[in-house]
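**Student:** Chains as they are written, first to last, in our numbering: chain A, 1 to 417; chain B, 1 to 310.
Everything labelled a hint here was simulated from the structure, so no lab data went into it. Take these hints with a grain of salt, some might be off.
Stated by the list, open to error - Listed next, the stretches of chain A that the computed footprint assigns to chain B, with coverage defined by at least 3 CB atoms under 8 Å from CB atoms of chain B:
(1) 71 to 81
(2) 180 to 193
(3) 387 to 398
As the list claims (entries may be wrong) - Here are the simulated distance ranges between beta carbons:
(4) B:Ala35 with A:Gly81: 47 to 53 Å
(5) A:Asp345 with B:Ala35: 55 to 61 Å
(6) A:Gly393 with B:Leu300: 42 to 48 Å
(7) A:Ala79 with B:Val294: 41 to 47 Å
(8) B:Ile229 with A:Asn360: 32 to 38 Å
Unchecked claim - Every beta carbon over 10 Å from chain A, so not counted as near; a handful from chain B, in silico:
(9) Arg14
(10) Pro71
(11) Leu275
Here a beta-carbon is modelled for each residue, glycine too, at the ideal position from N, C-alpha and C.
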Amino acid sequence: MSVTRFGRRAFAALAAWSLAGGIAAAQAGEITFWTWRQEDKAVYTELFADFTKANPGITVKFEAFPNENYNTIVTTALAGGKGGDVLHARAYGGLEAMAKAGYFLALDKQNVPELDNLPADAQASESLRADGKVYAVSLASQTLGLLVNKDLFASAGVAVPATWPDLMAACTALKAKGITPIANGTATPWMDAIFATVFTNPFLGPQWIADMLAGKTTFADAKFTAALGKLLELKPCLPDGFTGVDYATSQQLFSAGRAAIFVGGSFEIAPFRRGNPKLNIDFVPPPAPAAGQPTYVSRFFDSGFAVNAKSANQADALKLVRWMATKAFAEPAAAKLGNISSLKDVAAADPLLGKIAKLNETAMPYATLVYFRFEAPTGTDLLQEGVQKMMGGSMTPAEVGASVTQGLARWYKPFQK
Amino acid sequence: MIRPRQRAATARWRLRLWILLLLAPGLAVMTLFVAAPLLSSFRYAFYRFDGLLPAAFIGLANFRDVLAEAPYAATTWHALAHNCIVFAALMVAQNGLAYLIAFALLKALPGHRLHQVIVFLPVVLSAVIVGFLWKLFFHPLFGLVNAALALVGLHGLPWLGDERTALGAIIFTNAWHWVGFPALIFLAGMQRISRETLEAARIDGANDRILMTRIIWPLVAPSATVVVILTFIGSFNWFELPYVMAGATGSPGGATDVLGLYFYRTAFGTAASGLTDFGHGSALAVLMFLFIAVVSALALRVLRRREIEA
């Protein structure tokens, strides 16, 4: 066979192969769903099978990427005109970074009539500040508070603390029994912002947040720095060498029944139950400053489902996102993922989640996430770095408050005085 | 009929075409994966980014921001200072030890072959594996390091969680990982020294210390050049180990922040904030590239001159 003839045959074979591949992909009616929630693969796969039953001919492929690199992967893919057809999007500032440049399809009552099923604050979490349009269907709200191991408290004969003095007493009592009172360490920065928010919000109260948003006060305010200073009292309650204890270790300590309290979100409940089905978990609000005073859990909406504006299967992708804004998806998803649906009429099946939904009625926002994650430096980045240093002993609460306020003043107008 | 000269010309052309054909794949790969990203990064450094798209050409503003404007500049210089510490520490701890190991191996004591393999073994592991391994070893609750210290009655620190020890712990890990490489380069350099030279020095009464400092050191100058330049590039491009062991923010509280991490989280955002800023990120990348290229070139000139003098 001459070289040219071989070349021609090889070319023909290649063309036929690529053409066949193209046709096969088009016929399958397959759309892809991108997420960072690898741990939820089984749940989504099951739910997507329901979707295919309701919408014959459309199948959904689940593709997960590591949480830490998800934003990078998605932003890079979208910049190249690629990416999944339906994308799990972050909320607030995270959404803005992805959607500002027009990579997501704007959702409205024409293309997604089901948006009416979502309350206003859930829609706001997936909207852009610039045009006020909604770009994703919000999945769930997350509540921050204390996860407690009920059995551990019972076996130690200690009551779950309701006030700050109770918590201090419980710490001493638990430690005497060889139990680590609080599982959290400070080595993983994003956990530090959550840790600080959970314990400071009851000391601040909703009025303080309102005042801050109105520009009447800042994070340098004595009320905020005093609340931050309370965290230092928690040092003896944390694991040995807590500055080197990371998120994974904290989870292990709580999951293995070595620590009594895990400061975190409602999103931790399902993984903890899966990891250790015997774990008897309760979710309680953080301690009130003193007996008779109110306490508050902290809340935010955490993610949503967006349609890739450059998707070749946009009609099918929209169908999936519309379906995700209905009870048919939201109810089983909330039950299986163990979170609280953003949709109005979806009641929590799980009693514990029902309890959290009740706590949500008086919840305060996770402020550095909800209001201060739009530009750099973000409130969360500033707070987590400050708290990490404060707990390590190299910064005072007043210095942290000043650093957060000064950092935010770079872009947040009310602080620019 | 073809004349000989014409034939020669055709042959020359054919040869040129053949060379071009052989170069093409390599050239294409280099253009696509090295030159193009480098040039686009150069271009992006001059733009303000709106989300993911370059929004406006802003000249040198990104460079001015990262070098002189708050809050970028403070982080840049802070990170650069850490890179300098890393370079100095690796030069002394990693390369100094490597030189001693190379000298010990040169003496060909019993078992030196086995030791040569053991010293070089960690080099073949990926930095990510080494990072995770040592992150576990340094763990305050389950780690080997503190368990070993406890055996002799010492209470270990949370090495990676303490601002005073975190950078040192990662530098130590880097030295553990890489010490075999400079050791091998030094050893190769030492083995090229003629036996007569070393024996003559011995007969003249040189002990090991004098042999190492006065005789061998000047003669392994070419090896030292390679080691210094590679350590310099590695220290200022440092990324994998601090990323695995301290995360993108250089935990705790920026105590392990280096230019590579700062560039990464500026350009691509962190887990907590999905904000991407390719403009400032590209400016940092370009500055890192220029700094490394210029200093390496200058250092290479100086070190090469030293080789000749020696």
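**Student:** Is 55 to 61 Å right for how far apart the beta carbons of A:Asp345 and B:Ala35 are?
**Tutor:** Hint holds: Cβ distance 57 Å, inside 55 to 61 Å.
**Student:** If you look at each residue in the stretch 387 to 398 of chain A, do at least three have a Cβ nearer than 8 Å to any Cβ of chain B?
**Tutor:** holds (count 5)
**Student:** Closest CB-CB distance from B:Arg14 to chain A, is it above 10 Å?
**Tutor:** 16 Å, holds
**Student:** Starting from the hint 32 to 38 Å, judge whether the C-beta atoms of B:Ile229 and A:Asn360 obey it.
**Tutor:** For A:Asn360 against B:Ile229, whose Cβ atoms are near 59 Å apart, the range 32 to 38 Å is violated.
**Student:** Given a hinted range of 41 to 47 Å, is it respected by the beta-carbon distance of A:Ala79 and B:Val294?
**Tutor:** 31 Å, violated
**Student:** Does the hinted range 42 to 48 Å hold for A:Gly393 and B:Leu300 at CB?
**Tutor:** The hint (42 to 48 Å, Cβ to Cβ) holds, given that A:Gly393 and B:Leu300 are roughly 44 Å apart.
**Student:** Would the non-interface assignment of B:Pro71 survive a Cβ cutoff of 10 Å against chain A?
**Tutor:** Nearest chain A Cβ is 6 Å from B:Pro71, so the label is violated.
**Student:** Hey, does B:Leu275 actually stay past 10 Å from chain A on C-beta?
**Tutor:** Its Cβ does come within 10 Å of chain A, the nearest being 5 Å, so this is violated.
**Student:** Is the hinted range of 47 to 53 Å satisfied by the C-beta distance from B:Ala35 to A:Gly81?
**Tutor:** 22 Å, violated
**Student:** If you count the residues of the stretch 180 to 193 of chain A with a beta-carbon closer than 8 Å to a beta-carbon of chain B, do you get 3 or more?
**Tutor:** holds (count 7)
**Student:** Given as covered by chain B, does the stretch 71 to 81 of chain A meet the bar of three residues or more with CB within less than 8 Å?
**Tutor:** holds (count 5)
Checked against the numbered hints listed earlier, the structure breaks hints 4, 7, 8, 10 and 11; every other hint is satisfied.
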